[in-house]
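Peer 1: The chain contents come next:
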Amino acid sequence: MGLGLSVGGGDFIPYCKFDARAGRWFRKGENGDVDVTDGFAAVFDFEQIEVGWMMFTAGAAPAYVTQGIAHGIPAKPQGENWKQGFRVNIALGSALGGGVFELSSTAKALIGVIDRLHTEYGTAPEKAQGKLPILKMAGTTVVETKGPQGVTRNYAPNLSIAGWVDRPATLPIKGAAAPATVSAAPPSTGSTLVPPPAPKAAPAAVSMDFG
Amino acid sequence: MYRGSAAEHGITMGLLDHSTPVAVCQEAAVREFDRLSALNTDDNREKERDIVPGIVEQGLLELRHYGIPSHVQRKIEWQHPELPLPFLGYVDFQYEQDGIIIDLKAKPKLSSAADEDHMMQVALYCQATGMNTGRITYCSPKKAATHQVDDLQYHFGRLVNLAQKMENFLSRFQSAEELVSVLAPNTQHFTYNNRQMRRRAYEIFGV
Numbered sequence: 001m002g003l004g005l006s007v008g009g010g011d012f013i014p015y016c017k018f019d020a021r022a023g024r025w026f027r028k029g030e031n032g033d034v035d036v037t038d039g040f041a042a043v044f045d046f047e048q049i050e051v052g053w054m055m056f057t058a059g060a061a062p063a064y065v066t067q068g069i070a071h072g073i074p075a076k077p078q079g080e081n082w083k084q085g086f087r088v089n090i091a092l093g094s095a096l097g098g099g100v101f102e103l104s105s106t107a108k109a110l111i112g113v114i115d116r117l118h119t120e121y122g123t124a125p126e127k128a129q130g131k132l133p134i135l136k137m138a139g140t141t142v143v144e145t146k147g148p149q150g151v152t153r154n155y156a157p158n159l160s161i162a163g164w165v166d167r168p169a170t171l172p173i174k175g176a177a178a179p180a181t182v183s184a185a186p187p188s189t190g191s192t193l194v195p196p197p198a199p200k201a202a203p204a205a206v207s208m209d210f211g
Numbered sequence: 001m002y003r004g005s006a007a008e009h010g011i012t013m014g015l016l017d018h019s020t021p022v023a024v025c026q027e028a029a030v031r032e033f034d035r036l037s038a039l040n041t042d043d044n045r046e047k048e049r050d051i052v053p054g055i056v057e058q059g060l061l062e063l064r065h066y067g068i069p070s071h072v073q074r075k076i077e078w079q080h081p082e083l084p085l086p087f088l089g090y091v092d093f094q095y096e097q098d099g100i101i102i103d104l105k106a107k108p109k110l111s112s113a114a115d116e117d118h119m120m121q122v123a124l125y126c127q128a129t130g131m132n133t134g135r136i137t138y139c140s141p142k143k144a145a146t147h148q149v150d151d152l153q154y155h156f157g158r159l160v161n162l163a164q165k166m167e168n169f170l171s172r173f174q175s176a177e178e179l180v181s182v183l184a185p186n187t188q189h190f191t192y193n194n195r196q197m198r199r200r201a202y203e204i205f206g207v
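Chains as they are written, first to last, in my numbering: chain Y, 1 to 211; chain C, 1 to 207.
Be careful, since some hints might not be right.
[Claimed, not checked] Using C-beta positions, here's what the derived DEER-type ranges look like: (1) Ile68/C / Ser160/Y: 45 to 55 Å; (2) Lys174/Y / Arg35/C: 24 to 34 Å; (3) Gly190/Y / Ser181/C: 31 to 41 Å.
[Claimed, not checked] Not the full set, but computed from the structure, chain Y residues with beta-carbon under 8 Å of chain C: (4) Pro62; (5) Val65; (6) Ile69; (7) Ala70; (8) Thr123; (9) Ala124; (10) Pro125; (11) Ser191; (12) Thr192.
[Stated by the list, open to error] From the derived model, a few chain Y residues whose C-beta atoms are all more than 12 Å from chain C: (13) Pro14; (14) Glu30; (15) Gln48; (16) Ile49; (17) Ser94; (18) Lys108; (19) Asp115; (20) Glu126; (21) Lys146; (22) Thr152; (23) Trp164; (24) Ala169; (25) Thr170; (26) Leu193.
Keep in mind the hints are simulated off the structure, nothing from the lab. Where a beta carbon is used, it is the ideal one built from N, C-alpha and C, also for glycine.
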């Protein structure tokens, strides 16, 4: 009996993560993590950020129970090791290799920063225009926490909103109809003759070259 | 049969180092053609060899605008969860920095539109590499033209559908011999232009 699940041609968004213990950003690469700390800059899709519960277990895929921030934090799932966190899609600047990645974290050092910036985003006039913020990092700030086993040192990224862009095509609104893997329409789609690219010049309207 | 591989050899050389003179790339392509076709007695061999330099020139004129590719001849292997075997292929040119895959096709003459088969091939490559723009560059001795696939998901879906149909069909037969007993190749297809291939087709299929 079929599971009724769609398995054809799905889009899997690779991860990007902030290692609060080291104060560094990494994105998923072909052969392991790629450090993208230097010059870190990305478009953050704050409009569709989700909050909720996450469980990160070494050697296993992370588990999420999240929903759009407008709906608040969902009920905590049963079981141990669930922590509150956020997940958001980001588009890295072309200087860092470009691409869309999912950033999720339960690290307090990062959550505090994202929380503040999301609040700033929420009151900005650009939000009403449908624009998304470009966040850039300028170093880190040490965050020391005293615990039963002594002082724990983590690093919070010094992120700020450095600019705004129209929603890139690579960060579509979720739930928008994606093309079916096998279209029921007749084969009207073909190809378009394209000229060779012009020499790379200044960025156009929605530039990802902000790193 | 070898013009494509030979032309690609020369074009790749010229794309990885834009300072390499076109003539050097052309010579390398012809040497590659000679190496690949050393034991080939096909009547069209000389005609094919003669058009390789022109294809190399047109290919470089068209593709040097894209810069230096991040990957050339990149092997891809992509497993669909519902198919028993993975898709295999080699991506001619990947420009990861721009999210572009380009597949090169060397032909004696250009056609006005991209082939359906080529669009499916490029759609697969984009799926396997995560690139979002798939293009096919057709090069003849006199011209080059690049076609961008309009809807990659559509063509990828067609490819998967075809593979599933092929699997359904092949699974009905117990042996290769049984399969041969009910099939006949289309000897008008270009793969049978070569006399040796036509002879093998007759030996295997009896037609």
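Peer 1: Evaluate each hint against the coordinates.
Peer 2: Now the hints, each set against the structure:
1. Ile68/C / Ser160/Y: 45 to 55 Å: Since Ile68/C and Ser160/Y have Cβ atoms about 34 Å apart, the given range 45 to 55 Å is violated.
2. Lys174/Y / Arg35/C: 24 to 34 Å: violated (52 Å)
3. Gly190/Y / Ser181/C: 31 to 41 Å: holds (37 Å)
4. Pro62: Nearest chain C Cβ about 20 Å off; hint violated.
5. Val65: Violated - the Cβ of Val65/Y stays beyond 8 Å from chain C, reaching only about 25 Å at its closest.
6. Ile69: Interface hint status for Ile69/Y: violated (28 Å vs cutoff 8 Å).
7. Ala70: Check failed: Cβ of Ala70/Y comes no nearer than 29 Å to chain C, outside 8 Å.
8. Thr123: violated (33 Å)
9. Ala124: Where the cut-off is 8 Å and the nearest Cβ of chain C is about 29 Å from Ala124/Y, the hint is violated.
10. Pro125: violated (31 Å)
11. Ser191: holds (4 Å)
12. Thr192: holds (5 Å)
13. Pro14: Check fails; 8 Å does not lie beyond 12 Å.
14. Glu30: Not fine: 9 Å to the nearest Cβ puts Glu30/Y too close to chain C.
15. Gln48: Gln48/Y is indeed farther than 12 Å from all Cβ atoms of chain C, at 19 Å.
16. Ile49: holds (23 Å)
17. Ser94: Contrary to the label, Ser94/Y does not stay out of reach of chain C, its closest Cβ about 7 Å off (not over 12 Å).
18. Lys108: holds (32 Å)
19. Asp115: The claim holds: Asp115/Y sits with its nearest Cβ about 31 Å from chain C, beyond 12 Å.
20. Glu126: holds (26 Å)
21. Lys146: Its Cβ never comes within 12 Å of chain C, the nearest being 44 Å, so this holds.
22. Thr152: Per Cβ check, Thr152/Y is outside 12 Å of chain C; nearest 37 Å; holds.
23. Trp164: holds (23 Å)
24. Ala169: At about 9 Å from chain C, Ala169/Y fails to clear the 12 Å cut-off, so the statement is violated.
25. Thr170: Non-interface label on Thr170/Y violated, nearest chain C Cβ at 7 Å vs cutoff 12 Å.
26. Leu193: The claim is violated: Leu193/Y sits with its nearest Cβ about 6 Å from chain C, within 12 Å.
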